[in-house]
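Novice: Line by line, the protein sequences give chains A and B.
No gaps in the numbering here: position 89 of the first sequence is 88 in numbering that gives the first Met the number 0, and each next residue is one more.
No gaps in the numbering here: position 36 of the second sequence is 35 in numbering that gives the first Met the number 0, and each next residue is one more.
These aren't lab readings, by the way, just hints derived from the structure by calculation.
Please note that the accuracy of each hint is not assured.
Since the list gives no way to pick one copy over another, a pair counts as held whenever it fits inside one copy or between any two copies.
To be verified - DSSO-like mimics (lysine-lysine), calculated; alpha carbons at most 27 Å apart, straight line:
1) K107 to K118
2) K53 to K118
3) K39 to K60
4) K39 to K52
5) K9 to K60
6) K60 to K49
7) K53 to K107
8) K115 to K55
9) K115 to K9
10) K15 to K115
11) K15 to K110
12) K107 to K15
13) K9 to K39
14) K15 to K49
15) K63 to K15
Predicted, not measured: the structure shown is a model, and the values here were computed from it.
Number of protein chains: 2
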Amino acid sequence: MAKSIGHILKKKASLKLNGSLWVECEGESFFGPGPVELLKNIADTGSINKAAKKMKMSYKKAWKLIHALNEQTSRPVVIVQSGGDHGGGSVITDEAKDLITYHVRLRKRFKNFLEKETKGLSRTMK
Amino acid sequence: MAKSIGHILKKKASLKLNGSLWVECEGESFFGPGPVELLKNIADTGSINKAAKKMKMSYKKAWKLIHALNEQTSRPVVIVQSGGDHGGGSVITDEAKDLITYHVRLRKRFKNFLEKETKGLSRTMK
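Use the sequences and the hints to build the structure in full.
Specialist: This is the structure:
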């Protein structure tokens with residue numbers, strides 16, 4: 000059993016372990032919650048512009064994120080249809096859907112890890 | 000088996016999952032790698048000032064971190080001995096040692112989680 004820290008604190012009930020995860024490619028951040036949310040919003044709205052607005056993100060930043068993803072994937076994650084984002088709209092590819100699915104499952108496993116560790120935080124020392 | 004993403008990327012070998020963890024108390028960050036490193040350095044150097052310098056942290060910030068920890072613990076994590084930090088030096092308490100031990104073990108469990116997930120990243124889809 001791991002040593003806990005609950006015993007040294009004033010307030011035992013309110014302790015929680017939290018954290019963040021991201022995937023690195025060649026040592027650089029490749030994708031995390033932000034880009035995944037962007038892809039989801041593009042799928043929902045059919046537009047990079049609308050997706051970015053929904054997240055209060057600039058169009059430029061959204062494009063940068065998509066470009067960074069496309070740089071690493073063998074096929075693009077977003078396809079801008081004829082007429083551009085303002086005309087024909089944008090769609091996400093199966094590759095983007097796989098990224099989203101992977102991320103949702105990863106977050107669930109991470110949530111389990113955090114919940115287990117949070118329970119351990121208040122445990123008495125052994 | 001979880002869906003993987005290795006198949007959609009150009010470079011399969013270089014994918015890695017990374018992340019960060021911190022403990023929250025009442026919804027606010029309570030401690031993470033920074034404060035723990037500071038406590039370790041105070042133990043090593045016997046001085047808040049030297050510990051902060053080692054981390055290229057301002058003395059003010061180091062004090063703030065220690066103060067924030069002390070606010071949440073039933074006993075202080077650092078005791079400034081007579082003469083102050085420049086005179087008698089500072090020592091960490093058993094409570095601080097428990098925080099460090101807990102954190103070292105937590106990081107190991109998190110490292111295992113990240114390594115397991117990193118292996119899964121390049122796995123072919125099922």
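Novice: If you test the structure against every hint from before, which numbers come out violated?
Specialist: Checked against the structure, the hints that fail are numbers 2, 8, 14, while the rest are satisfied.
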